[in-house]
Amino acid sequence: MDQDEKLDQQQKERREFLSCLGSAIACGAAAVAANASSAGAAAPAINEGIPPIPNFDWSKHRWAFGVDAGKCIGCLRCVEACKRENNVLPDAHHFRTWVERYVTLEGEDKARIDSQADPANIEASGSEGHYRFANRYKDAKVEKAFFVPKLCNHCTHPACVQVCPTGATYKTEDGAVLIDHTYCIGCQYCVQACPYGARYFNEEKGVTDKCTWCYHRITKGLQPACVEVCPVGARIFGDRNDEQSLISQFIQNNRVQVLRPETGNAPNVFYVGIDKDVG
Amino acid sequence: MDTFIHASPFTGYVYPNETVIPWTVLIVVYPYLTGLVAGAFTISSLYQVFGFTQLRPVAHFALLVSLCCMITVPLPLLLHLGHPERAFNAMITPHVTSAFAVFGYAAGFYVILLVLETWFVFRPQIVEQSKRQTGLLRWFYKILSLGSDDISEKAMNYDRKWLFALAVIGIPGAHGLHGYVGFVFGSLKSREWWSSDLMPVIFLLSAIISGTAFVIVLYVASCKLRKVSIDLACMKIMAYALWGFMMFTLLIEGVEFLSLVYRGREGIDVILEFVTGPLIIPFFILQFGIGSVLPLIVITFMIWRGTSGAALIVGITGSAILVLLAVLMMRYNVVIGGQEISKTAKGLIAYTPPVFDREGLAAAGVVLVVPLVLLSILVRLFSPWHDEHKVA
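Quick mapping for you: the protein sequence lines, in order, are chains A and B.
Using the numbering used here, read the first sequence as starting at 1 and increasing by one per residue.
Using the numbering used here, read the second sequence as starting at 1 and increasing by one per residue.
Just so you know, these hints were derived from the structure itself, not from any lab.
Worth double-checking, as some hints may not be accurate.
Unchecked claim - Below, a list of computed lysine to aspartate or glutamate pairs in the EDC-like style, where the Cα atoms sit at most 20 Å apart:
1. A/Lys220 with A/Asp57
2. A/Lys220 with A/Glu173
3. B/Lys346 with A/Asp114
4. A/Lys276 with B/Asp269
5. B/Lys131 with B/Asp150
6. B/Lys346 with A/Glu204
7. A/Lys205 with B/Glu85
8. B/Lys189 with B/Glu253
In isolation and in its complexed conformation, chain B is listed as follows:
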């Protein structure tokens, strides 16, 4: 039995069945990945739909980032399920009142949309490669071109209309998918920590900042790896986006927390005990202090001082890394934190995630690396760069 169960110690009174935490770090990774999808797609859409031309260097790259994360999203869920081979039951016979039953359809729809948009974006490149490459790769691109090798200006105009339409549909699609993840938690009345109307909004805003930060970090890393110069205008506008959405995220999170404390419903004593005890490091120091306030101050300082050049790149990239940590901690504090507060409202559970387990930290780490592996393959097959000529 010991190999199966990770029971946690507790203080106060908790229901006997609560000592085994139902949702583990894999369910922390799941909303983290969907958040990265929505955020990266936002960056791509700001260029595709709203004409932010400064984002051109990362627009196609952000789309690939979004696709790679989205392909990985079902993985933590499947690893978590007691019967992953039955996962399709939720799609074959969806229970319409379940928020979770929608996931398969919403995710499926969004993957199709992402794949379609990626295909349209890279179609000229696919056609070109199908003529230039030899051997297996030639066949690979030929099949991907789906028999359509017309890249005349007329055809490109037609493609652009499709791209615009897909991006327009994709914005509510991506954000709806992630807002829905927030709803999965916020709609549960059994847990005071989760039960909030603001939960979908908090998830959504934090998604946008995490996706933006992810694109910033990956863009800088890729430029260093490819030895090309980093587009400062592009970095600046992503930093502005990061700053703006971070401010909203912090405000809404603050309002949500304040409402929870101010309402002071049953269980608030335990919640305050939790917040001022086990949550001090993961919430106040990591998520709020180092992960949110510090990057906000750094970016504000750089905007104020008009920082440029290498200092700007280091400042923005460092801030983005901290934001990625903050959002990961936010997911952890919501998912795991919510389960550490007992449903009895009279006790706290102290969960320590195992390292090597089907649902342990190592498994979660591997899941987080998968999109990076996929991305490293995809950028080689479909180059998203427009800047190869610029040498660093």
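Pulled out of the complex, with its shape left as it was, chain A reads as follows:
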């Protein structure tokens, strides 16, 4: 079973659970209407909102993601790993994660920015399914240069969740923002609402898609694919409820910042080593 099927299976289980929960609530409500005093006894036991993932209790975790931009070397292993792990469309227009390159040349005020999806970089890689940064600044006098990995910020107040007309995209108890692909109508209002460009429309499935922090992996104690493959430890993931976790240490020991705090979305991807041009 590949990871996509696993995720689908988990979503199916979650739906079944929610269906049971809905029935339980309906039964409870009916019992209340019939006899308020015996309602508690009549309603079946409710599983306290915990999804049926073996050995996983989402109420006991608070996931967060860290990016140490100073460490990123722009190798783009993370992007390729994400595409494979999550069956992301293999082209230069659909990404769950991407890497931006900021280069300030001598005498210039603003950074020149590109990502692996830039046509010049696609040309250098030779394929829309393989990624590399073209060495386009080799003859220029570079004053400052750095890479910034980007992904869904799994915001505390996600604008995408706010605007979803059906509730197909939702915030989990442990902090991830997910999409129920079996319920999404494909209106793309969430794509518009995300200020970070983290969402895209999957034309093959007719639904929107985005980074899940590899929810199918993290709920089994694994790391997200992009974190797993990063050769320099520029991506950090973990549980903020665990004070000894790498992410807790990362946030405690660094002066972290988030992208576009003025939106009020309260992102949960924390950055170190980014510059004023990064947004």
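Given the structure of chain A, go ahead and fit chain B onto it with the hints provided.
Chain B only, in chain A's frame:
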């Protein structure tokens, strides 16, 4: 993959996922149609509620125009959805914080209201036809009369009370529906081009002018087709309404644009690059110049000179056609323009709509023709005219 994706070229830096525009020309057509609904309903209500008797020749016709456009409104949305068969999810399990979730209910309520009002307006005609017609048509009108064939003066007085009440509820209903469409765009903080408190007001005012212009054009066309004379008093008052609402629309649009530039927040450089570059033809020339200022000058000139007769009809109709173009361009410049300015505030996307595609120009054109087809059927079943005796 190529058959699915229409990626657009860009300049500067844009997020990789932004190169495929999420909302296409179908979402341009959607607010255009709701605008026509609100505008045509306004014309109908000016007669029904506020007693503008000069509008009598078009009052019932405007109601049918409004109904036909409203029936078509869900079509562009359904064509756009990735899973149109799940559209009812938004009504079965509406997510209450979503501006979009309200649409199904607001539209549903308004369709019921329009259908009810149309039924009351045409009830005497339905009853009369159910007695006069033969065969299938007789049954059609008989069923539509809902078993009520009382058209005595007492019954008509009762109907008039209902009509007044429905029209009164319909005014905030129609305008609320369209103001809400403006809110769908204006409430998004992710796009500087859309994020404005004035957006619902701009949508609303432009809706009224587009609906009025649509009724003018269709009324003139229908008179020519039916070979009856055009009521000049009616044309004049619609031209006054057009002039007044256009002035407000231009003022509010101007204030909104000025505020955007004057605030000069992050991304203003790119917005100015956009406005003074790709937007010169669609915005300054088509929407503002030819579509808004020119008709305003023409109508002002005609009012000043007291133009009458055929010249007045040609002038008003020509102006109305230009206004229809201006409002369509306004919708395009808002919906598509907003997406051409990257969320990075550091780049521009150059979107060219495909012609033959599920969301292409041809599909949008077909959607815009649907209300006309519906209207041509409805005016034959329910005659909205009071002027058959006047020969041109």
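Report task. Please name the hints from earlier in the document that this structure breaks, with their numbers sorted from lowest to highest. Result -> 6
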